[in-house]
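Asks: If you want the building blocks of each chain, they are given just below.
Number of protein chains: 2
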Amino acid sequence: MRVAELSRRTGVPVPTIKFYLREGLLPPGVLTSPNQASYDEGHVRRLRLVRALLEVGRLPIATIREVLRDVDHKNLHGRLGRTLYPLAGVHDEPPTPELARAIADVDALITRWGWRVDPASPGRRRLAEVMLTFRELGVDYLMREIDRYAQAAEIIAESDLRGVATEHNPDDVVTGAVIGTVVGDALQAALRRLAHENASIDLFSETGAEPTADAPEP
Amino acid sequence: MRVAELSRRTGVPVPTIKFYLREGLLPPGVLTSPNQASYDEGHVRRLRLVRALLEVGRLPIATIREVLRDVDHKNLHGRLGRTLYPLAGVHDEPPTPELARAIADVDALITRWGWRVDPASPGRRRLAEVMLTFRELGVDYLMREIDRYAQAAEIIAESDLRGVATEHNPDDVVTGAVIGTVVGDALQAALRRLAHENASIDLFSETGAEPTADAPEP
Numbered sequence: 001m002r003v004a005e006l007s008r009r010t011g012v013p014v015p016t017i018k019f020y021l022r023e024g025l026l027p028p029g030v031l032t033s034p035n036q037a038s039y040d041e042g043h044v045r046r047l048r049l050v051r052a053l054l055e056v057g058r059l060p061i062a063t064i065r066e067v068l069r070d071v072d073h074k075n076l077h078g079r080l081g082r083t084l085y086p087l088a089g090v091h092d093e094p095p096t097p098e099l100a101r102a103i104a105d106v107d108a109l110i111t112r113w114g115w116r117v118d119p120a121s122p123g124r125r126r127l128a129e130v131m132l133t134f135r136e137l138g139v140d141y142l143m144r145e146i147d148r149y150a151q152a153a154e155i156i157a158e159s160d161l162r163g164v165a166t167e168h169n170p171d172d173v174v175t176g177a178v179i180g181t182v183v184g185d186a187l188q189a190a191l192r193r194l195a196h197e198n199a200s201i202d203l204f205s206e207t208g209a210e211p212t213a214d215a216p217e218p
Numbered sequence: 001m002r003v004a005e006l007s008r009r010t011g012v013p014v015p016t017i018k019f020y021l022r023e024g025l026l027p028p029g030v031l032t033s034p035n036q037a038s039y040d041e042g043h044v045r046r047l048r049l050v051r052a053l054l055e056v057g058r059l060p061i062a063t064i065r066e067v068l069r070d071v072d073h074k075n076l077h078g079r080l081g082r083t084l085y086p087l088a089g090v091h092d093e094p095p096t097p098e099l100a101r102a103i104a105d106v107d108a109l110i111t112r113w114g115w116r117v118d119p120a121s122p123g124r125r126r127l128a129e130v131m132l133t134f135r136e137l138g139v140d141y142l143m144r145e146i147d148r149y150a151q152a153a154e155i156i157a158e159s160d161l162r163g164v165a166t167e168h169n170p171d172d173v174v175t176g177a178v179i180g181t182v183v184g185d186a187l188q189a190a191l192r193r194l195a196h197e198n199a200s201i202d203l204f205s206e207t208g209a210e211p212t213a214d215a216p217e218p
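One line per chain: the protein sequences are A and B, in this order. For the first sequence, full-length UniProt numbering begins at 1 and goes up steadily by one. For the second sequence, full-length UniProt numbering begins at 1 and goes up steadily by one.
Keep in mind that the hints are not guaranteed to be accurate.
As the list claims (entries may be wrong) - Across the chosen pairs, the derived CB separations fall in these ranges: (1) B:THR32 - A:ARG135: 31 to 37 Å; (2) B:GLU5 - A:LEU203: 17 to 23 Å; (3) A:GLY11 - B:THR32: 32 to 38 Å; (4) A:VAL30 - B:PRO15: 46 to 52 Å; (5) B:GLY42 - A:ARG9: 48 to 54 Å; (6) B:ASN169 - A:ARG69: 56 to 62 Å.
Rather than coming from a laboratory, the hints here were simulated on the basis of the structure. Quick caveat, the model's predicted, so the values are computed rather than measured. Quick reminder that beta carbons are idealized off the backbone N, C-alpha and C, glycines included.
Generate coordinates for the entire structure from the input sequences, incorporating the hints supplied.
Replies: Pasting the structure below:
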């Protein structure tokens, strides 16, 4: 299909498609004449993925490029890790002493739960950074339930992997894992909001029964 | 304290602080002379909160302003709901037929779990939008485990609320809930990444034992 058709199919304007092509987020089409290229269903899928990473994941272009860069790896676990690691959004500076202490707390949690996590995994530092943010904001008490959160994370991760594993083509598994990770964060956040609303009624509502009475205007 | 001291305490540059003041994200200080204002510990806390919402939550300024706007409400549940609703980031356009069907799926989930959710809650539409994104990306299969995700969301929400409820001052409860919601999303995402890595070894690693062999360069 031509670029106009690709635009129509995905709802992405032609200039935006050309920008993604220049930025390497979308592989080039097959040239059919010096000024015209042809695109296929792979481009449609890739374009939808880029939009999801941008709009739902709010990821920077550079991170998306890194995630999409095809990596050839010995086994799928390694390839998955390598593809997903940039999603952690971790910086490279050496950790401050406070951060180093928080990383040690994370390692203790990992040991407590018997999780097999690569020492190079950016997830350790990312979690430590978030724990440090709670501390700096003076809401350490929100971390008291960290082991319950770890339990919930196990339930979610096992379900995620069962979902992704239903795809047998390794490329689809990797794509599913990227979408499942980024759009999955939004899914978990949305579910958590709904569950909050339910849990909050028992705890904080003076009437305990009529949340509708306090409903904001729609 | 003067603005220079506020900047030193929080690491936020003076021009940025002035920008937040103009944007209404930070309440004005007390004028001590026509050109000088004095700030207190409340400003330090508020500034850290704004930075967390911007950097960790990646929220737009307008949403932060809406979240921070103090709302006077009959009871804490209502006030919490009203404060947190803008965090859902939902738009106002009437739902498309596809979105309306997804909202119906969400309502069925809410009924299945007996959650008490306000009909006006933006969380319903937000979850439906995410489910629709999965569908458009051709990864519906990732939604098969939605009831396990709901179970995990219940565990997380109950723990969150227990954490927030340890604060007895209503203002601190509201602040804790905002931080817990936004920074909490980052916490849950980071934990989920670590749990993924662990769960992925059993499922995808060819060796099943040595993820280090596939570790990316640190």
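Asks: I want to verify a distance hint. Is the separation of the beta carbons of B:ASN169 and A:ARG69 within 56 to 62 Å?
Replies: Cβ of B:ASN169 to Cβ of A:ARG69: about 49 Å, so the range 56 to 62 Å is violated.
Asks: CB of B:GLU5 to CB of A:LEU203, is that within 17 to 23 Å?
Replies: Between B:GLU5 and A:LEU203, where Cβ atoms are some 38 Å apart, the hint is violated.
Asks: Could one say that the CB atoms of B:GLY42 and A:ARG9 fall in the range 48 to 54 Å?
Replies: 52 Å, holds
Asks: Check the following: the C-beta atoms of A:GLY11 and B:THR32 are separated by a distance inside 32 to 38 Å.
Replies: Given range 32 to 38 Å: violated, Cβ gap about 55 Å.
Asks: Lying within 31 to 37 Å: is that true of the beta-carbon distance B:THR32 to A:ARG135?
Replies: At roughly 32 Å between Cβ atoms, A:ARG135 and B:THR32 fall inside 31 to 37 Å, so the hint holds.
Asks: Should the hint that A:VAL30 and B:PRO15 are 46 to 52 Å apart at their CB atoms be regarded as holding?
Replies: 50 Å, holds
When each numbered hint is compared with the structure, violations occur for hints 2, 3, 6.
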